[in-house]
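A.B. asks: With the sequences and hints as input, model every part of the structure.
Protein chains in written order, with the numbering used here: chain H, 1 to 135; chain P, 136 to 224.
No wet-lab data here; the hints were simulated from the structure.
Where hints are given, some of them may not hold.
As the list claims (entries may be wrong) - Only some residues are given here: those of chain P computed to face chain H with a beta carbon under 7 Å:
(1) Met-136
(2) Asn-155
(3) Ala-203
Claimed, not checked - Here are the simulated DSS-like pairs of lysine-lysine, each with C-alpha atoms no more than 30 Å apart in a straight line:
(4) Lys-99(H) to Lys-29(H)
(5) Lys-99(H) to Lys-42(H)
(6) Lys-42(H) to Lys-161(P)
(7) Lys-100(H) to Lys-42(H)
(8) Lys-100(H) to Lys-65(H)
(9) Lys-65(H) to Lys-161(P)
(10) Lys-29(H) to Lys-100(H)
(11) Lys-42(H) to Lys-29(H)
(12) Lys-161(P) to Lys-100(H)
(13) Lys-90(H) to Lys-100(H)
(14) Lys-161(P) to Lys-90(H)
(15) Lys-161(P) to Lys-29(H)
(16) Lys-29(H) to Lys-90(H)
Yeah, the Cβ is synthetic: ideal placement off N, Cα and C, and Gly gets one too.
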Amino acid sequence: MEFLLELVISLLIVIGGCFVIVGSVGLVKLPDLMSRLHAPTKATTLGVGGALVASMLYFWGIEGKVSIHEVLITGFLFLTAPVTAHFVAKAYLHRHPEKKTELPPTGRPYGWSTYDAPPDSTAGQAGDVEAEKKD
Amino acid sequence: MIGYALTFGFFAVCLALMLNLWRLVKGPSLMDRVLAVDTMMINAIALIILHGIQQQTTLYFEAALLLAMFGFISTVAYCRFILRGDVIE
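C.D. replies: Quick look at the structure:
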């Protein structure tokens with residue numbers, strides 16, 4: 001195998017390992033679950049992506065043909081990480097209703113989507129009544 | 136040179152798995168544990184990929200793909216179970 005290809009593969013593996021460590025250290029060190037969500041969903045996904053690209057280049061180097069498996073795994077991981085983070089955050093917000101007082105105002109007639117109904121709904125939410133009083 | 140990089144990669148992923156295990160044991164909330172298991176699943180995929188490079192075999196890609204799918208589906212199912220009390224309504 002060419003020296004340059006080996007160098008690129010080694011660099012990708014090392015960078016991927018660094019990102020994986022950063023993601024997991026963030027999972028341990030950050031203070032709150034909503035902050036902790038950032039580290040694994042961004043850094044760890046990028047680290048796995050680095051290892052997968054390294055694997056693709058490696059098997060292209062020793063077998064001479066490009067394999068599509070890694071692209072499949074990378075695409076799947078990059079698609080599913082935001083969905084997973086969204087579900088975890090939503091479940092956390094609904095398990096801890098006291099967090100509602102810490103949320104900043106949205107600055108729009110719409111409230112926070114997991115807590116408040118849309119303003120034109122007929123459900124009679126508290127936010128609607130306040131908005132009508134201001135008018 | 137790839138051998139040294141692989142050694143570093145194995146060390147990094149195993150350290151990351153230990154840190155995730157610490158978060159899984161410590162908690163404090165239930166969703167922290169779900170997030171820790173999800174991250175452990177992603178790190179296990181990285182470990183399998185690095186093992187495939189070391190053994191020079193493409194046999195493990197299917198295992199990594201299956202693990203990615205099961206990790207995603209199990210996390211979403213657990214979150215839905217916590218949110219709604221049911222997985223499929």
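A.B. asks: Each of the hints needs a verdict: does it hold here or not?
C.D. replies: Here is how each hint holds up against the structure:
1. Met-136: holds, 5 Å
2. Asn-155: holds, 6 Å
3. Ala-203: holds, 5 Å
4. Lys-99(H) to Lys-29(H): holds, 21 Å
5. Lys-99(H) to Lys-42(H): Roughly 24 Å separates the two Cα atoms, so the pair holds.
6. Lys-42(H) to Lys-161(P): Holds - the C-alpha atoms of Lys-161(P) and Lys-42(H) are around 22 Å apart, at most 30 Å.
7. Lys-100(H) to Lys-42(H): holds, 25 Å
8. Lys-100(H) to Lys-65(H): violated, 54 Å
9. Lys-65(H) to Lys-161(P): Violated - the C-alpha atoms of Lys-161(P) and Lys-65(H) are around 46 Å apart, more than 30 Å.
10. Lys-29(H) to Lys-100(H): Answer holds: Lys-29(H) to Lys-100(H) is near 24 Å, not above 30 Å.
11. Lys-42(H) to Lys-29(H): Given pair Lys-42(H), Lys-29(H) holds - Cα atoms ~15 Å apart, limit 30 Å.
12. Lys-161(P) to Lys-100(H): holds, 25 Å
13. Lys-90(H) to Lys-100(H): holds, 12 Å
14. Lys-161(P) to Lys-90(H): The given pair, whose Cα atoms are some 21 Å apart, holds under the 30 Å limit.
15. Lys-161(P) to Lys-29(H): holds, 12 Å
16. Lys-29(H) to Lys-90(H): With Cα atoms ~22 Å apart, Lys-29(H) and Lys-90(H) stay inside 30 Å; holds.
Violated hints, listed in ascending order, are 8 and 9; each of the other numbered hints is respected by the structure.
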